[in-house]
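Protein chains: 2
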Amino acid sequence: MYTLPKFVEFREEGPREGFQIESKTYPLKERARLVDALSETGVKRIQVGSFVSPRAVPSMADAEALFAAITPRRGVQYTAVWLNEQGFRRAAKTPRVYLYGKMVVYTTDAFARKNNNCSAAELKKRQLDMLPLFDEMGVPLEEAYILTAFGCNFEGPVPVEAVTDGVRFVADTCTERGKPLPQIVLADTMGWANPEQIKRVIHAVRETVPEARVGLHLHDTRGLGPANFYAALQMGVDLFDSCVGGLGGCPFAAFKDPRAAGNICTEDMVFLCEELGIETGIDLEKMIEAARIAEQIFQRPLPGKIMHSGSLKAFR
Amino acid sequence: MYTLPKFVEFREEGPREGFQIESKTYPLKERARLVDALSETGVKRIQVGSFVSPRAVPSMADAEALFAAITPRRGVQYTAVWLNEQGFRRAAKTPRVYLYGKMVVYTTDAFARKNNNCSAAELKKRQLDMLPLFDEMGVPLEEAYILTAFGCNFEGPVPVEAVTDGVRFVADTCTERGKPLPQIVLADTMGWANPEQIKRVIHAVRETVPEARVGLHLHDTRGLGPANFYAALQMGVDLFDSCVGGLGGCPFAAFKDPRAAGNICTEDMVFLCEELGIETGIDLEKMIEAARIAEQIFQRPLPGKIMHSGSLKAFR
Chain R
0 MYTLPKFVEF REEGPREGFQ IESKTYPLKE RARLVDALSE TGVKRIQVGS
50 FVSPRAVPSM ADAEALFAAI TPRRGVQYTA VWLNEQGFRR AAKTPRVYLY
100 GKMVVYTTDA FARKNNNCSA AELKKRQLDM LPLFDEMGVP LEEAYILTAF
150 GCNFEGPVPV EAVTDGVRFV ADTCTERGKP LPQIVLADTM GWANPEQIKR
200 VIHAVRETVP EARVGLHLHD TRGLGPANFY AALQMGVDLF DSCVGGLGGC
250 PFAAFKDPRA AGNICTEDMV FLCEELGIET GIDLEKMIEA ARIAEQIFQR
300 PLPGKIMHSG SLKAFR
Chain V
0 MYTLPKFVEF REEGPREGFQ IESKTYPLKE RARLVDALSE TGVKRIQVGS
50 FVSPRAVPSM ADAEALFAAI TPRRGVQYTA VWLNEQGFRR AAKTPRVYLY
100 GKMVVYTTDA FARKNNNCSA AELKKRQLDM LPLFDEMGVP LEEAYILTAF
150 GCNFEGPVPV EAVTDGVRFV ADTCTERGKP LPQIVLADTM GWANPEQIKR
200 VIHAVRETVP EARVGLHLHD TRGLGPANFY AALQMGVDLF DSCVGGLGGC
250 PFAAFKDPRA AGNICTEDMV FLCEELGIET GIDLEKMIEA ARIAEQIFQR
300 PLPGKIMHSG SLKAFR
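Protein chains in written order, with numbering that gives the first Met the number 0: chain R, 0 to 315; chain V, 0 to 315.
You may find that some hints are simply not true.
[Unchecked claim] Result set (DSBU-like, lysine-lysine): computed pairs, CA atoms no more than 30 Å apart in a straight line:
no. : chain 1 : residue 1 : chain 2 : residue 2
1   : R       : Lys198    : V       : Lys312
2   : V       : Lys198    : R       : Lys312
3   : R       : Lys198    : V       : Lys123
4   : R       : Lys5      : R       : Lys28
In case anyone wonders, no lab produced these hints; they're calculated from the structure.
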């Protein structure tokens with residue numbers, strides 16, 4: 000039996016997930032303002048942008064300029080996404096980027112090809128090639144992502160064995176190289192997960208690597224995000240990626256867009272934790288304020304709920 | 000220990016909850032079209048409108064005309080809301096209205112006064128006065144609603160004893176009059192509930208009236224609706240009110256509006272049930288279609304998720 004965690008760590012990804020699927024590039028100053036507002040909330044890690052091909056993701060082309068435009072706050076890690084050595088070296092050269100080692104494992108070949116133009120097996124090999132680079136830069140291997148861990152629009156349902164195989168690949172790699180096991184983050188990249196599946200898959204991963212901390216990257220594509228989040232809490236999961244305002248893209252594009260849209264909403268899930276007596280280190284009212292800033296930037300209603308209704312603070 | 004139910008009964012309330020908070024009255028033909036689309040989905044009960052004061056709720060003034068405009072489908076119960084004898088007699092005179100006996104119990108005085116202009120105690124007395132009317136009309140007492148069972152914007156947190164007291168009032172009334180206990184529906188009228196509280200309150204109600212079927216009327220005001228729904232499933236609850244498209248009002252008005260907005264979304268929760276292997280009798284694709292009709296009528300994005308992303312049917 001598992002119990003609810005006492006503390007949940009949120010990692011804010013709105014500045015990347017929210018903007019990357021936009022065809023439009025929003026003013027640098029406004030994006031920096033959002034990052035700065037988030038840094039005031041108590042959240043300890045903010046994913047600011049991506050060092051990827053500007054052709055593939057035009058809205059992330061100015062990642063260096065965005066990092067330069069923020070007002071860094073002590074104690075906050077400003078992170079970024081990269082997909083290969085070139086991106087990693089760009090990130091490493093950019094001041095203020097919190098650099099760390101990461102492995103990304105694909106459970107399905109089709110999504111690997113869509114996202115990287117090569118097979119899942121080839122991508123595994125490339126992950127291994129990155130490891131000496133982390134050593135060279137002196138950064139620890141902090142985490143491993145298992146993508147499309149709950150289902151894939153291109154290949155359909157993902158068997159739990161595909162997830163545990165991925166986890167075992169990470170564990171074996173670390174054992175062979177004498178590295179400590181990183182935390183394992185299971186990503187519901189395309190919004191397939193349901194709460195009972197969350198429990199089954201987490202249980203299977205824990206059976207495979209009992210010593211690993213397990214986190215989740217959840218999307219709310221089909222409305223089950225909060226239920227999945229709660230199911231994970233019931234499994235004692237204490238690490239979540241989330242997006243302020245429920246950012247993650249236009250819900251109307253989601254079913255045509257392989258980068259499935261709408262992550263779980265940071266402030267709504269912080270509220271859930273608070274109501275359950277779980278600490279987060281985040282000031283809910285400040286996170287709601289950041290969500291309202293995001294809404295001003297996007298100039299359309301965002302999916303977050305509590306940013307519109309207000310919290311219960313005024314009523315108690 | 001409880002287990003997930005095998006079948007969940009949804010009662011569709013979008014045509015009432017969705018339109019009642021609108022200042023505008025939408026064309027009768029369009030509202031009838033939505034009701035008719037819903038009746039094709041397999042849902043067995045649709046709340047079409049309210050027989051209440053046209054001054055208080057102008058958008059519901061033409062309830063009789065709306066009932067006349069629908070194309071009734073065999074096996075579907077078309078229901079309505081009323082708050083007093085006058086409303087009940089109007090409903091009784093209207094063809095196609097499925098009439099049944101209902102008690103409504105307020106847990107807080109302040110909300111009773113807001114909604115009915117009299118105390119919760121006075122409202123209890125009025126509920127008793129309605130019972131002979133049900134007998135006169137030959138309709139059974141089918142259900143009792145406990146309003147603001149999880150919290151109240153006017154009085155703050157609602158203790159579980161206020162809920163069990165309300166339930167006991169219903170049970171005692173039935174015992175005294177030799178009537179079978181109706182089903183008990185707990186309403187999170189203002190969106191205060193969290194999943195652990197859902198479990199605690201349902202447990203307490205079951206301790207009070209072990210023989211009663213317990214249902215839930217949930218709002219998604221603060222983003223916890225799907226988590227609360229899942230928590231209730233874990234308690235074996237098999238009866239839910241919900242709204243197609245997540246209707247229930249403009250989320251931007253919610254925190255200023257005592258009629259707290261945004262019910263749980265029928266099609267998203269039907270999808271959740273399906274993913275858990277729970278039957279609903281509802282055709283998910285048809286319910287998504289009805290949600291899209293609702294969106295056409297309101298001409299703004301509704302909060303429902305799967306109506307925008309699409310179900311997983313195409314990917315399996």
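Practice task
Could you tell me which of the numbered hints above are not met by this structure, giving the numbers in increasing order?
Solution key: Numbers 3 and 4, in rising order.
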